[in-house]
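Q: For reference, the chains in residue letters:
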Amino acid sequence: MSTMVSRDSNNTDYSLAELMIATAAEAFRHDGEVLASGIGILPRLAASLAMKTFNQALMITDSEAFLLAEPNPISGRSSHKGQPQETWMGFSRIFDTVWSGKRHAMVQPSQIDQYGQTNISALGDNYHTPKVQLLGVRGFPGNSICHPNSFFVPSHSKQVFVDGECDMVASIGYNPARLPKGYSFNDIDIREVITDLCVMDWRGPNHSLRLVSLHSGVAIEQVLDNTGFDVYVPDQVPITRAPTVEQLTIINQLDPENWRSKALKYNPRGNRWASDSTVPKLNSTVVT
Amino acid sequence: MICARTFKAIDILKQEEFYMSKVLSAKNAVARIEDGMTLGIGGWGPRRKPMALVRELLRSQCKDLTIVAYGGADVGMLCAAGKVKKLIFAFVSLDFIPLEPYFRQARQNGTLDVMEIDEGMMLLGLRAAAWKIPYIPTSLGLGTDVIKYNPTIKVIDSPYDDKAWVAMPALKLDVSILHVDRADARGVCQIKSPDIYMDDWFARAADTTIVSCDELVGSAFFSQNDEARSVFWERAQTSSVVPIAGGAHPTSCAPGYGFDVSHLKIYNASVKEGGFSAYFEKYIATKTEQEYQQAVGGLEAILKLPLPVY
Numbered sequence: 001m002s003t004m005v006s007r008d009s010n011n012t013d014y015s016l017a018e019l020m021i022a023t024a025a026e027a028f029r030h031d032g033e034v035l036a037s038g039i040g041i042l043p044r045l046a047a048s049l050a051m052k053t054f055n056q057a058l059m060i061t062d063s064e065a066f067l068l069a070e071p072n073p074i075s076g077r078s079s080h081k082g083q084p085q086e087t088w089m090g091f092s093r094i095f096d097t098v099w100s101g102k103r104h105a106m107v108q109p110s111q112i113d114q115y116g117q118t119n120i121s122a123l124g125d126n127y128h129t130p131k132v133q134l135l136g137v138r139g140f141p142g143n144s145i146c147h148p149n150s151f152f153v154p155s156h157s158k159q160v161f162v163d164g165e166c167d168m169v170a171s172i173g174y175n176p177a178r179l180p181k182g183y184s185f186n187d188i189d190i191r192e193v194i195t196d197l198c199v200m201d202w203r204g205p206n207h208s209l210r211l212v213s214l215h216s217g218v219a220i221e222q223v224l225d226n227t228g229f230d231v232y233v234p235d236q237v238p239i240t241r242a243p244t245v246e247q248l249t250i251i252n253q254l255d256p257e258n259w260r261s262k263a264l265k266y267n268p269r270g271n272r273w274a275s276d277s278t279v280p281k282l283n284s285t286v287v288t
Numbered sequence: 289m290i291c292a293r294t295f296k297a298i299d300i301l302k303q304e305e306f307y308m309s310k311v312l313s314a315k316n317a318v319a320r321i322e323d324g325m326t327l328g329i330g331g332w333g334p335r336r337k338p339m340a341l342v343r344e345l346l347r348s349q350c351k352d353l354t355i356v357a358y359g360g361a362d363v364g365m366l367c368a369a370g371k372v373k374k375l376i377f378a379f380v381s382l383d384f385i386p387l388e389p390y391f392r393q394a395r396q397n398g399t400l401d402v403m404e405i406d407e408g409m410m411l412l413g414l415r416a417a418a419w420k421i422p423y424i425p426t427s428l429g430l431g432t433d434v435i436k437y438n439p440t441i442k443v444i445d446s447p448y449d450d451k452a453w454v455a456m457p458a459l460k461l462d463v464s465i466l467h468v469d470r471a472d473a474r475g476v477c478q479i480k481s482p483d484i485y486m487d488d489w490f491a492r493a494a495d496t497t498i499v500s501c502d503e504l505v506g507s508a509f510f511s512q513n514d515e516a517r518s519v520f521w522e523r524a525q526t527s528s529v530v531p532i533a534g535g536a537h538p539t540s541c542a543p544g545y546g547f548d549v550s551h552l553k554i555y556n557a558s559v560k561e562g563g564f565s566a567y568f569e570k571y572i573a574t575k576t577e578q579e580y581q582q583a584v585g586g587l588e589a590i591l592k593l594p595l596p597v598y
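Quick mapping for you: the protein sequence lines, in order, are chains A and B. For what it's worth, this note's numbering labels the leading residue of the first sequence as 1, then goes sequentially. For what it's worth, this note's numbering labels the leading residue of the second sequence as 289, then goes sequentially.
Careful: at least some of the hints might be erroneous.
[Unchecked claim] In silico DSBU-like links for lysine-lysine, alpha-carbon gap of 35 Å or less:
(1) B:Lys374 with A:Lys158
(2) B:Lys436 with A:Lys158
(3) B:Lys575 with B:Lys553
(4) A:Lys181 with A:Lys52
(5) A:Lys262 with B:Lys420
(6) A:Lys181 with B:Lys420
(7) B:Lys436 with A:Lys131
(8) A:Lys131 with B:Lys420
Just so you know, these hints were derived from the structure itself, not from any lab.
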């Protein structure tokens, strides 16, 4: 990899997965000292990258039962022995951390609706006989009311960004009809949404989904056409910043076996202005 | 000094004749689980599940159970065998195979009564039962369908503020089944795995707690070094001890052995190749636990299964 690459916009030698990792890392930049939980390969790399660079105060686990002084590489390891452990962090301690609010999770919901409510439980109209049973609500209800959450979407589509409400609402969002007594929207903290097309957040009018930046080569219409509800589009929509050479180096150290190249279908290039017609279309696999 | 070698149950009984022995066979222990009971199962997904006890339960006539678990193949198998009337769960997953095949089948067929709750709500429910209080107030579940689909879980006012609170009810268990690394005949149980999951709360929330262990040791074992620090509940919370080396298979019992990836793949594939009855006939139905272990490669191979790297 000795090709000459310069920083930022001139750097074309990176994958879409790497672009998404770098931009997802930004979600953790101003978090201070909280547990950064990236669920899945790319979000975990994003949290790890944030901790290795601009927010060293973050806390991170070994994805099993210990808090680490610095993140483990996600690939190329054969055991947990010798890892830089800080304290025990089994599941019951995770709950203590969740309930304290000192955590920011980046999760991959199967469905997200206009209110920022999500679903990983079950698909279909009838909850009692689901069309497709998924994992179950896991910790989503508690996470969503206790601490900030960001969403990572490997394949931006209307199957994920659904019309109406999620089939099973597993996490609280900005839905006035469901707001509990004594709560305001200020008590709910949904942060960034990183997809294979763009970055969004919930700072549109009335906490609606707002377009923040478009990944290189993506048109606004692609985002709108693949979202099942309205997206607020500001006057100015910048291009998502490309990963720097330094970031790409650290990502490579965190994932020496390049598992990230398998996280998105066809492992598309990050700079799609530079892509030629042989690059397959952008739809990637649905990760549950 | 007593070292960590495995004792035969009979040696332990002689050594500790002044104490009661809680050692039972799997069959006799599982016989305490009756039709219609609420059964808690320890472990998490594919990790440290009391699978030998689950297999014994599958061989029994017991039915109409309400299961409380952080579920994996334990829940899938019991659902597939028609043992489960109601499932109290936050997820059912085999981790590297995210969606448990038979749990999924049971849900999609609509044959299961469910109480689907947040993982933390389950912990609070177990704690409430252990502490003999009717509920624990929490914000978990507010604003979600967990409240909508569980009308028995009440949202209440607080005497101290003006907010809504979920009153997570006690999840009182008739019986819990757990698997640990080591136990003595009096019911002192040791977990050496990196995570104990909620096993301590499953033990405390149940009237009867049946614990299978990889190794039965003499009581003096726990007085060595810091061994007693890895004991997370008092023996009064343990009703029966069932020594079964490899008893968590095909789930893991770290640091001893990892989960059996290839066997879990066979199990997962069985849903499309003959269904659970074929799996049950091949591995469980008329087999003893020893025969089961031989059918999956032998105890020696189980104890060598590599630990997962996360």
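Q: Return the numbers of the hints above that this structure violates; sort them in rising order.
A: 4, 5 and 8
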